[in-house]
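Note that the protein sequences, when read in sequence, are chains D and B. So the first sequence is numbered by my numbering: it starts at 632 and just counts up by one. So the second sequence is numbered by my numbering: it starts at 632 and just counts up by one.
Each hint should be verified, as a subset may be incorrect.
As the list claims (entries may be wrong) - Which residues of chain D face chain B? A partial, calculated answer using Cβ under 8 Å: (1) His660; (2) Ala691; (3) Ile694; (4) Tyr724; (5) Lys743; (6) Lys744.
The hints are simulated quantities; they were obtained by calculation from the structure and are not laboratory data. Keep in mind it's a predicted model, so treat the numbers as computed, not measured. Idealized CB from N, CA, C, for every residue including glycine.
There are 2 protein chains.
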Amino acid sequence: MMQLLADRIRKDGVVKQGNVLKVDSFLNHQMDIELINEIGKEFKRLFADCNITKIVTIEASGIGIACIAAQYFQVPVVFAKKSQSVNIDGEVYSTQIESYTHKKTYEVIISKKFISSDDHVLIIDDFLANGCALIGLIELVTCAGATVEGIGIVVEKGFQSGGEVIRSMGMRLESLAIVDGMNAETGEIFFRE
Amino acid sequence: MMQLLADRIRKDGVVKQGNVLKVDSFLNHQMDIELINEIGKEFKRLFADCNITKIVTIEASGIGIACIAAQYFQVPVVFAKKSQSVNIDGEVYSTQIESYTHKKTYEVIISKKFISSDDHVLIIDDFLANGCALIGLIELVTCAGATVEGIGIVVEKGFQSGGEVIRSMGMRLESLAIVDGMNAETGEIFFRE
């Protein structure tokens, strides 16, 4: 667990009914760049033994974290695009992702030009809950014949199934903070040690 | 003009029919973080005299550039969200933006919590063409009573009206590269000096 992050979630995270954790004051609407720099450094420390050639994330809230982290790995970032937001021609890898938040399925794509079988990929995202977005990203990367070296997540909701599913796939998944429970009455947040 | 950027656009930008300039290999799908770092530094140099308290951008492709630039200004980033992608409660500033690329209008919002009348804002985005997105962002910031100190754009299409409209509003607009014309037959790109 990254203590600085857990402390910040305790201080500024807001617990809502329905197991909703709002971290939009520092992570995914307003972004505290100093904190995200520390997050980037921590990802580098955790994956220092991997020979990463590319960081892959998904729009929108993963992009800033991936870009800051990429400075420590000195590799390019490729962000998967939601296809309706796309002005891309040529060949793409594509997959369907079900969004729990928005209650719909959308197509996500990466241009074939930007990921190859030589790539050793670190996938980065801000949140892991049911894992749908992450499984989609893993699919895009493996379709390209690239290797997923690891997955770096800022906040994992440990009481949802995503983390278990991804780990049972044999993936190396590092979540900087795992929230095992929340109490919307008291505002308490319980982290996995 | 930022020579390093212009050289990169000449080298890796692709001109398509219909005045389309693709820079997706280094700016808005795959991101060359080293280049974006230089872009961030250049924005800091250009707006060094402004007392910026916050950088505002819009999802998705502005976020990475804004976050890297924010390291030089040591301020938070706030990115405006397309409302369909929103899991936000509470009060928001909202506006409509017409997308030429996607041929539709969408709502864009910023939570009232993250922008105030004390803020001196630098708006950053990757592209300026007809200016619709940028005018929407200016509207959100001014609705909050905050001051737009400046606007930093990576690539301006000088042959579309956005730049002129924004400058005629009295805004301080700095575009790192202004493309005044393109030739889809030869692939040539003409920059404003």
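Now for the hints, and whether the structure bears them out:
1. His660: holds, 6 Å
2. Ala691: Given a least distance of 4 Å, the restraint on D:Ala691 holds.
3. Ile694: With a minimum Cβ separation of about 4 Å from chain B (threshold 8 Å), the hint on D:Ile694 holds.
4. Tyr724: Result: violated, 12 Å to nearest chain B Cβ.
5. Lys743: violated, 11 Å
6. Lys744: Hint on D:Lys744: holds, closest Cβ of chain B at ~7 Å, below 8 Å.
In the structure shown, a violation is registered for the earlier hints numbered 4 and 5, in ascending order.
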